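Here the structure of chain A is known, so what remains is to put chains B and C in place on it, guided by the hints.
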Amino acid sequence: MTALAASFKERAPQRYALVALGIAAAFAVVAAPVLAPNTYIIKIGIMTLIFAGLAQAFNLIYGFAGQLSFAQTGFWGIGAYVSAIGSQRLGLSPWVCLMIAPVLCLAFSGLVGIPALRVSRAAFVIVTLALTLLLQLVARNWTEVTRGPMGIPGLPPLSISIPGVAELDGANPFHFYWIALLLIAPLLMVLYAIMATRTGKILLAVNQDEALARSQGIDVVSWQLFAFAVSGAACGLIGALYAFHLSIIEPGIFDMYYTQMLLIIVIAGGAGHFWSVLGASLVFTALPELLRITPEWRLVAFGVLLAVIILAMPRGFGGFLEDRRLRQWRRRM
Amino acid sequence: MDFSLLGQLLINGLILGAIYALVAVGLSLIFGVLEIVNFAHGQIFALGAFAMVALSNFLGLPYIAGVAASGLLIAIVGWLLYEGLLQHLKSGEFERGIILTLAIGMVVQNTLLATVGATPRYIDFPELYSRFEFAGMGIEQLRLTAAVIALVVLGGVWWLLMHTRFGMAMRALAQNPLAATIVGMNPKRVAGHAVILGMGLTGLAGASLAPLFTVHPLLGVSLLFKAFAIVIIGGLGHIPGAAVAALIVGLAESFAGGLGSTVLQDVAVFALMIVLLQVKPLGLFGRGARI
Amino acid sequence: MRVSRWIYSATIIAFLSSAAIAQDAVPIGMSSPQTGGAAYLGQHQRQGAELAVAEINEAGGVLGRPLELKVQDNQCNPTQGVASADQLIDVGKVVAMIGGLCSSVTLAIMPVIERAKIPLIVDVSTNPKIAETSGAGGNTWTFQINPSDAGLAVALGDYLAKKGSYKKIAFVGEDTDYGRGGHDALKAALAKAGIEISAPDFFTPGTADFASVIARLRSEKPDAIALYAVGDELNFLRQYRAAGLTIPITGRIELSELQASLIDAGALDGATSVFPYHPAIETEGNKAFVAKFTSKFGEAPNYQSFEGYEAVKVLADAITRAGKVDSAAIREALVSTSYPSLLDETIKFDDHNQAHNKAVILRVDGTKVVVESTSGT
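Residue numbers (the working numbering), protein chains in the order written: chain A, 1 to 333; chain B, 334 to 624; chain C, 625 to 1001.
Chain A on its own, in the form it takes in the complex (with noise of 0.2 Å):
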């Protein structure tokens, strides 16, 4: 017991080091639009924000609660179309569209989850993604509603106006950068809160031996279920944040590209890790814009390294660094 005490003691430096780098980040990401010198940079920002959210609701259903699914483009895509249908051809307030959006996803997830969670893990992986797929393919025939191929144009811009308190113009990147925190950031923190406590303690159990967590009494599919339409709702309203940010949608919303980002991000940074997963949206977003490497190419590198990951480090960042902490506490000990 003293040992560890000690170890604390002697940790303690490297902690305070730690959480001035974590209070020197949050005003980075706070004041970014301030730091920021171009609209190019800020718009990196926001994308930046997006993957984050983006990835951490993936990680929930697939690092934590170990499904695969390919359904989290699906819903990212309904919370999108919802913003472009509600705002451009039904004259919705764009806030009420960024209501509407996640709670159709979670009530859609839901629906979709109970069937879909039944069968095997390898039949849902196969119906996640025909769940994609069937999507984009009514968004792309269904032209009386979704306009198909052509997409819906010009969303209004995404806005807060509250007299004397804030005015921040949707249309304005920099503006836009502090709206898009303003949401992802709580619903990072929820996504944290989900993880770090108990519940995510039971969906990585459940997700390491699904037999032994059921002898336990864990109602397996309950909790898959919850993860699954929790993610999904998040993955909603991160789509209708999106589609203000672009302005326009159309049915490359439903792009494999995006699953692609997700995997990379999410299995590079660690499946079931909550702080390497936030780290590689960082660094996996931005690094390619600031080099400057050409869409196609980034797709190659981001394919060979998730080939080589997947083979080579299969737990990815989080679970070389949790080894690596286990190690140390091991000699420690």
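For the record, the hints were derived by calculation from the structure and aren't laboratory data.
Hints are supplied without guarantee of correctness; some may be wrong.
Covered stretches of chain B (chain C as the covering partner; in silico rule of three or more C-beta atoms under 8 Å from a C-beta of chain C) [unchecked claim]:
1. 335-349
2. 455-464
3. 546-558
Only a predicted model underlies this, so the values are computations on that prediction, with no experimental measurement involved.
Yeah, the Cβ is synthetic: ideal placement off N, Cα and C, and Gly gets one too.
Positioned in the frame of chain A, the structure of chains B and C alone reads:
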């Protein structure tokens, strides 16, 4: 009712189905033996089509030689992929298999986009424009050749699986991996054969269709799902089932497009899959599949 | 020591003067497909614009400053289109823009440039909704110099009515604003001429297999097939030829070197198409343009090259008349444009910011494309 239209759609559907069968049998074979759903299958198809473009436009190979050479080339790609990557997967690692093949697909597709570009390529064989006509129906010589190649190759695969040690080992491993190992089979070797054969068939399909359409790196994207649907309809891992389902899907597409509209073609495949899974959740020939 | 100081200062002067030129240049943007199915068209549009920029800069630029063309790829995809426009406005700091070639992209860009208050010259897209929603229609920052589908459809309808041999026409078009807008406009125009148009068949861009549609067309036996496609027409027409169809093609496809393999084989004999341009048009201005373009790029210009060229010229004219490099002033000047087109028509914008340049009816005679007639739109 216009019978020559129905006849024409029947012919088109059967030909399309024969080529789909190559793709689906390849997918089914890899799934049956390795338990990997190959997410790179569409890109392997596109790679086959590009091999054909290169071999015939630059080396001047005639149609049949080009198709055979492309199929062989893609089989070698399959061998390399197995030796380099896929053999490291252990059994039961279903998700890892998907992610790994997805990564392979990303690399293939985007390398093609970055190097040869997205502008469509085409191959003009004179056989494309010579036709057999009868009773108001017609068929391009090239389309017929493609279908004949598909049927001959499928027949060959069938013979291989049923009557050779090579094929029987594959079937044994697919049916009961434990027993197959106990009787002294080398599962790695057999799995390697399945990947080589499965990818080779898909490359062959891509090559045989290449002159009929324009060829671009995204050619296989829509095909991947069609192949999944076929394999699910036929019963996962069931090889004759995949071939039969391929014909059904080919016909459904042809009739939906010919009697309805182009957009109905994709809808038809989906509708077919959803309805069938309601009636027979394991697919037409599924025998309590492992997934 | 002395020498090195001399080199040093010379370098600085060279650097400063090059910086001065770079800073001095008037940046104009172009959102155009440089990759994807429509890349060929986009690259030709770019070449036309580059030729115009080179000519203007050789003659001293605009307001004494050189023009600088910044091109962003839009892949003919609306989302990429918006991203390309954002990039040109935010990073490129362009004062005006040309684009986006594909109708769906142009319609997606229009709200972006309106919000940013940057004038947009539409030079290739033809969907009637562009002009309908411009000028008096609301978006005062968009100007269209090419005729719209509405104008072109009237020209085609008149021609087909006069020709008199078509009673029933089947429609095949891509499922985009180009195909759908084209269908509506053609249907209205043909109804006046008493020509029936069948239920449209819209296909997703990038469709590989057209066997089913072609089987249906063979059975329906229409008098002609109206084809509206940008990028997929080659794939369709190769399969049309392979299927041995002889039903004449009409509609809005570019009968350019893209289709050369089919035209040369005589497979498109009798095909007609209404287009805003063809290099064979016999005006003095066009002859000179074709000669200059051919000597610079080694091939004849197409519709996109011509419009890219004229778009830059119209824009330069407006900047000169505005007297300053300012987006709002350029917009004001564009409203009162009166620019002589190479087709001997004056480019003037109506209250929907739509100019009415000529429409050309092209016909394939054996293995040759001929200009059948030109008319106003």
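Subject >> Check of the stretch 455-464 of chain B against chain C for coverage (Cβ-Cβ below 8 Å, three residues minimum) >> reply: holds (count 5)
Original post:
According to a criterion of three or more residues whose C-beta lies within less than 8 Å of a C-beta of chain C, is the stretch 335-349 of chain B covered?
Top reply: holds (count 7)
Subject >> Whether chain C covers the stretch 546-558 of chain B (at least 3 residues having a Cβ closer than 8 Å to its Cβ atoms) >> reply: holds (count 6)
When each numbered hint is compared with the structure, no violation occurs for any of them.
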